[in-house]
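The task is simple: from the sequences and hints, build the whole structure.
Here is how the chains run, residue by residue.
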Amino acid sequence: MKVFLDFCMWFFGGFILFYMLIVIVSYCAMFVIAMLAMRKRYKLDPSEYDDAHIDAFYSKPVSLLVPAYNEEIGVVDTVYSLLNLRYPQTEIIIINDGSTDSTLQTVIEHFRMKPVDKIVRTNIPTKQVKQIYESEIYKNCILVDKENGGKADALNVGINVSQYPYFCSIDGDSILDEKSLLRVMKPIILSDGEVIAAGGNIRIANGAKMQLGSVTETHLPNNHLVIMQIIEYARAFLMGRIALSKYNLVLIISGAFSVFSKEWAVEAGGYSTDIIGEDMELVVNIHRLIRKKKEKKRIEFVPDPVCWTEAPQSLGVLRNQRRRWHQGLFESLWKHKTMTLNPKYGLIGLLSFPYFWLVECLGPLVELGGYIYIVVAFFLGKIYYEVAIILLLLFVIYGVIFSIASILFEAWILNTYPRPRDLLRMILLAFTEIFWYRPLTLFWRCEGLLGFVLRRSDWGNMKRVGIGEKEKSV
Amino acid sequence: MIKLSIPLLLTVCGVLLVVLFLFTIYILVQRKREIRFADVRDIFLQNSAQHWYNYLINDEIFSVVLVPRGRAQVAAIETIFSSYLKNITNEKVEHKIKEFSNLYLKKFYEKDLSSKRWSIRMNALYRIADFQIEALLDTCQQFENTKISEEEYFQLLKIYSIFQPELFIEKIEESSVNYSESEYRRLFVLLEDDVFIRLFEDFNSWTKKIQFAAIDTAAVKRNMQYIDQLKQLVTHEMPEIKIRALKGLYEIGVIDEIDPYVPFVTSDMWEIRLMVAKIFKHVPLNYTYAYLEQLLQDENWWVRSQAAKTIVEKREGIAKLQQFLESSNDLYAIEMAQETIVRKRGSK
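Residue numbers (our numbering), protein chains in the order written: chain L, 1 to 474; chain C, 1 to 348.
There could be a bad hint or two in this list.
What follows is a list of derived Cβ distance ranges for each label pair [claimed, not checked]:
no., chain 1, residue 1, chain 2, residue 2, range
1, L, L424, C, V40, 40 to 46 Å
2, C, I57, L, H219, 37 to 43 Å
3, L, L358, C, L17, 26 to 32 Å
4, C, Q338, L, F443, 56 to 62 Å
5, L, N342, C, D256, 57 to 63 Å
6, L, T122, C, L17, 29 to 35 Å
7, C, Q338, L, G346, 45 to 51 Å
8, L, N148, C, E257, 36 to 42 Å
Some chain L residues flagged as far from chain C (calculated, every beta-carbon gap over 10 Å) [as the list claims (entries may be wrong)]:
no., residue
9, F4
10, I33
11, H110
12, A256
13, L362
14, V366
15, G369
16, G381
17, V396
In short, the hints are calculated from the structure, not lab data.
Positions of the beta carbon are idealized from the N, C-alpha and C atoms, including for glycine.
Have a look at this one:
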């Protein structure tokens, strides 16, 4: 028995150590790539570029799709933020996905929506559209009322109704910075259509001051759970998205704010309604299509654009969100498992898929195993102490040091939270990450893996309290 | 091979933490400096805004108070100038800004051009173009001979297009850099009409991207001088050029004859048929209705939709569509005509 236990402890200890080293090395590499890319732009005046593209002559028209299911609190602010966008040609399409609260009524009353007869081209099959409305105040604002069919179905209806060659999906609870659309469209415009989809950088809005759909001031919120998520977003941004985008390896661009070429999205079949992570699914399907058609196209992540979104403030809501995200990730990877290590799909198959499988998807299992290992080693006696302490130190590098580096780098280049007090608070909190936040999120993500096995599904709405300080201080 | 041991990892953690601690101190010091810089800039902005207004708008005498002392004051002046240039179109103001910049800002940007930091050099190039600092043209040409990025070269082309169009055309001809259509448009739109016409006349010698950008720029400039050239291009062998030329003619909006466009009503490409349906917006309905009725029954949704819109926008359009509804048995065309009539009535 003891021999078997010894073997298990050495084997798992060695395996977890090896895994952690691989993850740390790959994160380091991505961090360096991101740093070099971002460092170049330090002190560059962004207004010059923004103004250069403000004219319709240089830009391309975009349809803004806002799927809303029970979003009565956030949807009006979201639409205002879209009306505030500095972009020459847009249409706003709000899709009410059979909400059971007063979302429909709120939008009709607030924007004076009037029913219209409109022929809709069914590029993608969807649930039935009940009625289309047009705003009497804002001519470019349309409301579509449809039967409940899920977020993906709502977005597909939006694509069918849209008239422009590009569409941008925005969550019903998100707020866009006024220049964000200009900036996310930059790679698409500059590449003459070589870039067919682009995703923007998402920020957490809790604690921000807002006025009619615009963020006027950013402060770090008091809720520690939200601060940890802010740190997590900064890490994901610097240790993943930028580097992956540089080599056209992006598999996820956030559904909260992303632009797609309508032609490509329709050809890829639109958003899948039978899967939780519909945003990742569309990106992967487009990558497949690019390979199939053998065209030189790219999907990019843009570090600039700012889309503000509300982060969960309670453990319960955060748990649901993380379970859902992870289940969605696993589902998409599983569905396209044949792409893994398949040279037919180039670097997407050879690098991106293995990375997402090993680091993003199965990582939580191994890491949680690491935490369990440390606890078990403590009870088994000193022969395992060394491995346990080495593991703990790797967790410190992986959890604490990478987080602090991301906070500092973000502060240096983007300066989202300008007050020194806020910066120091984030750094101090990052020291505690490995003791509570990390194990909790790992556990929830493992629950997501289990959810995939048990095939759970839902729309995934979280309880909103409203983002802006004027609505409620968070 | 390095053995993974506790002392080694402790050392790595310790070193990294020290580095991060020093980086934190650096950022905090940097923040303090930035705040000080912003304070000086804001005070200068506040104190000089009225003087600038008096000088630029009210034609008052130039005051030495306006001459910048240090970077923060230059930043304030940049804010003021950018704001005037964006919000007011006034040759006198533009001239005064140009004069002042050539005299007092030149030395700052000259120094910036030799900075090691790419972003600082780019900002300087932006300002040279925005404030028209012609006095730095020679410096820019010398700068071109150093190792510069594609973005910097693009800004240089923009500067040449403003100050020395001849040199600009020369550089475009010999340039090995392949910019996007959107970027070429940004360059061409700044050109004086006579230079642009020369560029447009040499149409066939340019690369495709330059050709596309030239057609689009001609359309946006809405100048009658380009109509003949565009008319010639509608018979070009390349469909993309044909479509863009038709689009350009539609944008300019002056159609003096319909004969050149009639053959396109039966084109194999729906994009061409769509453009013809658009062009017919600028021609009285009695000349075009027969063709538009044909396009209303087109197999393509966009063409049908555009034909219906073109008809309905004319004075007698609704009546014509109603006549069509009574006589036609094309279900798709009827549906389109009905929707267009309803929408037109709804918008009245």
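Legend entry - Index of numbered hints that the structure contradicts, given in increasing order: Violated hints (numbers, rising): 1, 6, 8 and 17; every other hint is consistent with the structure.
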